[in-house]
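Peer 1: The lines below spell out each chain.
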Amino acid sequence: MTTILPVRRRTRRRPALWALLLPFVVMFLLFFVAPIVYAIVQSTLATRSSGLGFGPPETTFVLLDNYVRALTDPAFVASLGRLLAFSGILVPLMVVTALGLALLLDTGRARAPRFFRVLAFAPYGVPGVIATLLWGFLYIPATSPVLQVLSAVGIDVVPLASGTVLFAIANIALWGFAGYNMVILLAALDAIPGELREAARMDGASMWSITWHIKLPLVRPSVILVTVFTIIGTLQLFVEPLVLQPLTTAISSTYTPNLAAYNQAFSQGNPNLAAAMAVIVAVLGFAFSFGFLRLVNRKGNRAW
Amino acid sequence: MVTVRRRQAPAVSTLAINGILVVAAVYFLLPLVWVLIAATKSPGDLFATFGLWFSDSPQAWSNLVGLFTQSGGIFSRWVVNSIVYSGLGALVATVISAACGYAIAKFVFPGREVLFSVILGGVLVPATVIALPLYFLLNGVGLTGTYWAVLLPSMVSPFGVYLARIHANASVPDEVVEAARLDGAGDLRIFASIATRMMSPALVTIFLFQFVTIWNNYLLPLVMLNDTRTFPVTLGLTLWNSQTQRDPMFYQLVVTGSAVSAVILVVLMIALQRFWRADLTSGASKG
Chain A
1 MTTILPVRRR
11 TRRRPALWAL
21 LLPFVVMFLL
31 FFVAPIVYAI
41 VQSTLATRSS
51 GLGFGPPETT
61 FVLLDNYVRA
71 LTDPAFVASL
81 GRLLAFSGIL
91 VPLMVVTALG
101 LALLLDTGRA
111 RAPRFFRVLA
121 FAPYGVPGVI
131 ATLLWGFLYI
141 PATSPVLQVL
151 SAVGIDVVPL
161 ASGTVLFAIA
171 NIALWGFAGY
181 NMVILLAALD
191 AIPGELREAA
201 RMDGASMWSI
211 TWHIKLPLVR
221 PSVILVTVFT
231 IIGTLQLFVE
241 PLVLQPLTTA
251 ISSTYTPNLA
261 AYNQAFSQGN
271 PNLAAAMAVI
281 VAVLGFAFSF
291 GFLRLVNRKG
301 NRAW
Chain B
1 MVTVRRRQAP
11 AVSTLAINGI
21 LVVAAVYFLL
31 PLVWVLIAAT
41 KSPGDLFATF
51 GLWFSDSPQA
61 WSNLVGLFTQ
71 SGGIFSRWVV
81 NSIVYSGLGA
91 LVATVISAAC
101 GYAIAKFVFP
111 GREVLFSVIL
121 GGVLVPATVI
131 ALPLYFLLNG
141 VGLTGTYWAV
151 LLPSMVSPFG
161 VYLARIHANA
171 SVPDEVVEAA
181 RLDGAGDLRI
191 FASIATRMMS
201 PALVTIFLFQ
211 FVTIWNNYLL
221 PLVMLNDTRT
231 FPVTLGLTLW
241 NSQTQRDPMF
251 YQLVVTGSAV
261 SAVILVVLMI
271 ALQRFWRADL
281 TSGASKG
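Residue numbers (the UniProt record's numbering), protein chains in the order written: chain A, 1 to 304; chain B, 1 to 287.
Hints were generated in silico from the structure; no laboratory data involved.
Errors might be hidden in some of the hints.
[To be verified] Covered stretches of chain A, as calculated for chain B (at least 3 residues, CB under 8 Å):
# : segment
1 : 34-48
2 : 66-80
3 : 103-112
4 : 119-132
5 : 191-204
From the three backbone atoms N, C-alpha and C, an ideal C-beta is built for every residue, glycine too.
With the hints as extra help, turn the sequences into a complete structure.
Peer 2: Structure below.
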């Protein structure tokens, strides 16, 4: 649809085409596809030291043994459950916050909207590690002005207790990315033709019904994009629990699947099991993303 | 009647709208304001004074001096490393993904859609899944522990290809490419001197997106690097953070270091925000 170039020119253009395509394709194969293939292959192997530990260790093909081992390990299954719970908390929170703020700014009644936009976007530039270090200080009573003020008025909150720590982590992710997602959604709102809003207003539509019947349907593709990226983001959960770990006993070394895989690979010396765990996370990611896209594509127009 | 009603309703909702935005602004600012104030305190005052106000004896300068002289000035080295990883990685990523996206948009070749789908699938793979197996692969060829182990994987941005294709379709007219060909320009030259200019907003977006992604990436340098002199800022600060149990002085280093690196990035974000064409990333989903 986009380009119909004369076919007979094709041969002459081949070298240029290769020169444009190859650098990325080669890098993509080496640093993206190869690790995935390698992980899949490794996940079907097991290394056992032979005999009494003398001689080289043997590598054997065990097919799905590592997957069975991972999925029957209560700690790993618990980490998967935690990941689902985390997605369940963060994804709606993120989408509602980002969309809510974008719609508020889009009403045109906000004071200093540009300033707010820059301000909300700023945390995106703060690396997750540093954001976690900062929030870590704000989560312990000794350094947190927020907890101190709350405690002074009689409210004692313990963000890093086992029951609340998942919310504490979700808050760090929300802080970091809500503004970025808001900017994406604002751009989509900006693209709605002014005549459309004006016509609706002329017809006596209220602010609510303009939001509900005009703005929301038109920014739906961007909302879906934000949702999918947030889902993928939640599956990467690793840095925040790793950095918060020294501050609380509520975070174990297998708190998230990625943390479990990291520990299997580097502390427990079982890269094969680690590979299986990584593959499980990737499969989960695809299942989530495609499941969600199917769900939204089924109702009405295709978005992706 | 109508005008009166219209005027009253907005007054209340305008107040509510701005109220919510003020609360949100305080939320986004809170950790940044806290760290800037904390960076002026002594390690003792960090735990002994109220977090959102200055202590009686601010010592911002000596904290900064301490930060940049600790371990032979390693912090400035970490900052430079971060800039090299992010700048160089994002630059190469932008060039090669722009070329690839442009080729997919403007050339007809067998397997074009399959290639694009595979690359698009790459967007959905969590980065954490790649890092572990990549460590074992690069370890096999002796690259782990070097700058390359972080730089090379950072040069791959499937999302960049996606954006480049969408934008090449939208902003580089086929007629222009055809006319340049009739004038005898080679395809590489058309790409390098005509298409890249037309795609420049997309290229800036790809560059910034990848720059921030590399700057924020933690797991990749964590698994790849072991020499502290090759660390980016993020890894260096967590190294210091792990030593706070041993010596509380490191708290102040972590706080001041976080403040400095947050300021660097936030200033960069604010300065570049007008170049950041988020509408490209959003409109992209319609492609």
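Peer 1: Does each hint fit the structure? Answer for all of them.
Peer 2: Structure-based check of all given hints:
1. Coverage of the segment 34-48 of chain A by chain B holds. Counting CB-CB distances below 8 Å, 6 residues qualify, and the rule asks for three or more.
2. Residues of the segment 66-80 of chain A lying with their CB closer than 8 Å to a CB of chain B number 0, which falls below the three-residue condition for coverage.
3. Counting residues of the segment 103-112 of chain A whose beta carbon lies closer than 8 Å to any beta carbon of chain B gives 6, which reaches the threshold of three, so the coverage claim holds.
4. Given as covered by chain B, the segment 119-132 of chain A passes the check, having 13 residues with a CB less than 8 Å from a CB of that chain where 3 are the minimum.
5. Coverage of the segment 191-204 of chain A by chain B is violated. Counting CB-CB distances below 8 Å, 1 residues qualify, and the rule asks for three or more.
In terms of the numbered hints stated before, the structure departs from hints 2 and 5, listed from lowest to highest.
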